[in-house]
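Position chain B relative to chain A; hints supplied.
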Amino acid sequence: GAVVSQHPSRVICKSGTSVKIECRSLDFQATTMFWYRQFPKKSLMLMATSNEGSKATYEQGVEKDKFLINHASLTLSTLTVTSAHPEDSSFYICSARSHGGEKLFFGSGTQLSVL
Amino acid sequence: RKEVEQDPGPFNVPEGATVAFNCTYSNSASQSFFWYRQDCRKEPKLLMSVYSSGNEDGRFTAQLNRASQYISLLIRDSKLSDSATYLCVVTKTGNQFYFGTGTSLTVIP
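For the record, the sequence lines run as chains A and B. Mapping of the first sequence onto this note's numbering: residues 1 to 115, in sequence order. Mapping of the second sequence onto this note's numbering: residues 116 to 224, in sequence order.
Next up, chain A with everything else stripped away, as it sits in the complex:
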């Protein structure tokens, strides 16, 4: 099946630093990728949808200047958490679908802890 690689799997950083998370589709071209965050024992919350070569579409309440998304190629999307604060600590997961594909494939997630 399709493989989505996400890294790093875990990040611990100081408050005020920026953190970049990468999401790669390894064996297919992902025209669309999605970024989620998940708090413990809560459901996935869609943050934004990124389309290759165009600006990401952010969900209501998600700060686009805080969570920068870049999808410059068909196999790579990045999420940068800028000036991270403790409240940004969460589990971030990306997913991807190929053009015309109906299924989602998920990265393994990134646990971000901001001290």
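Everything labelled a hint here was simulated from the structure, so no lab data went into it. Be a bit skeptical, because a hint or two may be false.
What the hints assert, rightly or not - Pair by pair, the computed Cβ-Cβ distance ranges are:
(1) Gln211(B) <-> Ser5(A): 34 to 44 Å
(2) Ser9(A) <-> Thr221(B): 17 to 27 Å
(3) Gln29(A) <-> Lys207(B): 17 to 27 Å
(4) Gly61(A) <-> Gly173(B): 21 to 31 Å
(5) Gln29(A) <-> Arg191(B): 13 to 23 Å
(6) Lys55(A) <-> Arg174(B): 41 to 51 Å
(7) Ser54(A) <-> Asp154(B): 29 to 39 Å
(8) Ile223(B) <-> Lys14(A): 37 to 47 Å
(9) Lys41(A) <-> Pro224(B): 21 to 31 Å
(10) Arg191(B) <-> His7(A): 15 to 25 Å
(11) Glu102(A) <-> Tyr185(B): 12 to 22 Å
(12) Thr17(A) <-> Ala182(B): 49 to 59 Å
(13) Thr17(A) <-> Gln146(B): 34 to 44 Å
(14) Leu115(A) <-> Cys155(B): 18 to 28 Å
Glycine is no exception: its CB is placed at the ideal position from the N, C-alpha and C atoms.
Same frame as chain A, now just chain B:
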């Protein structure tokens, strides 16, 4: 009204039991339906697609009822390893994927 509604549980069942989850969706234009499994601090993994004709994969059976707008997942002969959160996912046209909140299952020895 939420696009997808799912009972969060938790469901605590003994090993060997049969357990069923339902998930309702609000939009009759929904096109595709899936069940995903998510273990703690892991990514969701596709368990199975759901079709009107019903589909079975070993101990797992999924069913779609378009008239009543719900999907179901039946797990027979529960194993300890089935303990996880089960997410239903409903899609519409384009990139619209909607997730249920997930149903927590714990299989007890």
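Hint numbers not upheld by this structure, sorted from lowest to highest
1, 4, 5, 10
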